[in-house]
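Work out the full structure, taking the sequences as your base and the hints as a guide.
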Amino acid sequence: MQGTDFTIARCKDRAGFSAKPAKNVQLDLQKIGKQFTTILKTPILLVIDEEGEIIVHQYGELLFKSQVDKGRLELSARRIYTAGGLEPGECTFG
4 MQGTDFTIAR CKDRAGFSAK PAKNVQLDLQ KIGKQFTTIL KTPILLVIDE
54 EGEIIVHQYG ELLFKSQVDK GRLELSARRI YTAGGLEPGE CTFG
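Count along the sequence shown from 1, add 3, and you get the number used in our numbering.
No wet-lab data here; the hints were simulated from the structure. There's no promise every hint is true.
What the hints assert, rightly or not - In silico DSBU-like links for lysine-lysine, alpha-carbon gap of 30 angstroms or less:
#: 1; residue 1: 73; residue 2: 37
#: 2; residue 1: 26; residue 2: 44
#: 3; residue 1: 73; residue 2: 44
#: 4; residue 1: 68; residue 2: 26
#: 5; residue 1: 68; residue 2: 15
#: 6; residue 1: 23; residue 2: 37
#: 7; residue 1: 68; residue 2: 44
#: 8; residue 1: 73; residue 2: 34
#: 9; residue 1: 44; residue 2: 23
#: 10; residue 1: 23; residue 2: 68
#: 11; residue 1: 23; residue 2: 73
#: 12; residue 1: 68; residue 2: 34
#: 13; residue 1: 26; residue 2: 73
#: 14; residue 1: 37; residue 2: 68
#: 15; residue 1: 15; residue 2: 44
#: 16; residue 1: 26; residue 2: 37
#: 17; residue 1: 73; residue 2: 15
#: 18; residue 1: 34; residue 2: 23
#: 19; residue 1: 15; residue 2: 26
#: 20; residue 1: 34; residue 2: 44
Okay, here's the thing in structure tokens:
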């Protein structure tokens with residue numbers, strides 16, 4: 004089975020970065036919430052603490068508020084996607 008590719012890019016209107024899957028996905032927020040320190044939980048998103056705050060949307064977009072190192076961004080995205088039930092594929096930086 005091939006993994007889900009994703010792109011990491013600087014947010015246009017924010018100081019952070021975002022990760023977006025290349026195709027439509029649904030993350031299992033309940034599983035993610037069990038594996039990470041959860042700051043805020045709603046039916047459609049989580050705010051978790053993973054070397055800084057990360058907003059995890061159920062549709063797969065991740066918003067990194069404070070991380071800037073590309074290696075750490077990719078590692079965190081892979082960990083979150085795996086916890087949410089995805090098999091991460093290739094990561095590209097936009």
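Do the hints match the structure? See the list:
no.: 1; hint: 73 - 37; verdict: holds, 25 angstroms
no.: 2; hint: 26 - 44; verdict: holds, 24 angstroms
no.: 3; hint: 73 - 44; verdict: holds, 26 angstroms
no.: 4; hint: 68 - 26; verdict: holds, 23 angstroms
no.: 5; hint: 68 - 15; verdict: holds, 13 angstroms
no.: 6; hint: 23 - 37; verdict: holds, 22 angstroms
no.: 7; hint: 68 - 44; verdict: holds, 17 angstroms
no.: 8; hint: 73 - 34; verdict: holds, 25 angstroms
no.: 9; hint: 44 - 23; verdict: holds, 20 angstroms
no.: 10; hint: 23 - 68; verdict: holds, 15 angstroms
no.: 11; hint: 23 - 73; verdict: holds, 14 angstroms
no.: 12; hint: 68 - 34; verdict: holds, 22 angstroms
no.: 13; hint: 26 - 73; verdict: holds, 21 angstroms
no.: 14; hint: 37 - 68; verdict: holds, 21 angstroms
no.: 15; hint: 15 - 44; verdict: holds, 25 angstroms
no.: 16; hint: 26 - 37; verdict: holds, 25 angstroms
no.: 17; hint: 73 - 15; verdict: holds, 17 angstroms
no.: 18; hint: 34 - 23; verdict: holds, 19 angstroms
no.: 19; hint: 15 - 26; verdict: holds, 21 angstroms
no.: 20; hint: 34 - 44; verdict: holds, 12 angstroms
Figure legend: structure checked against the earlier numbered hints; every hint is met.
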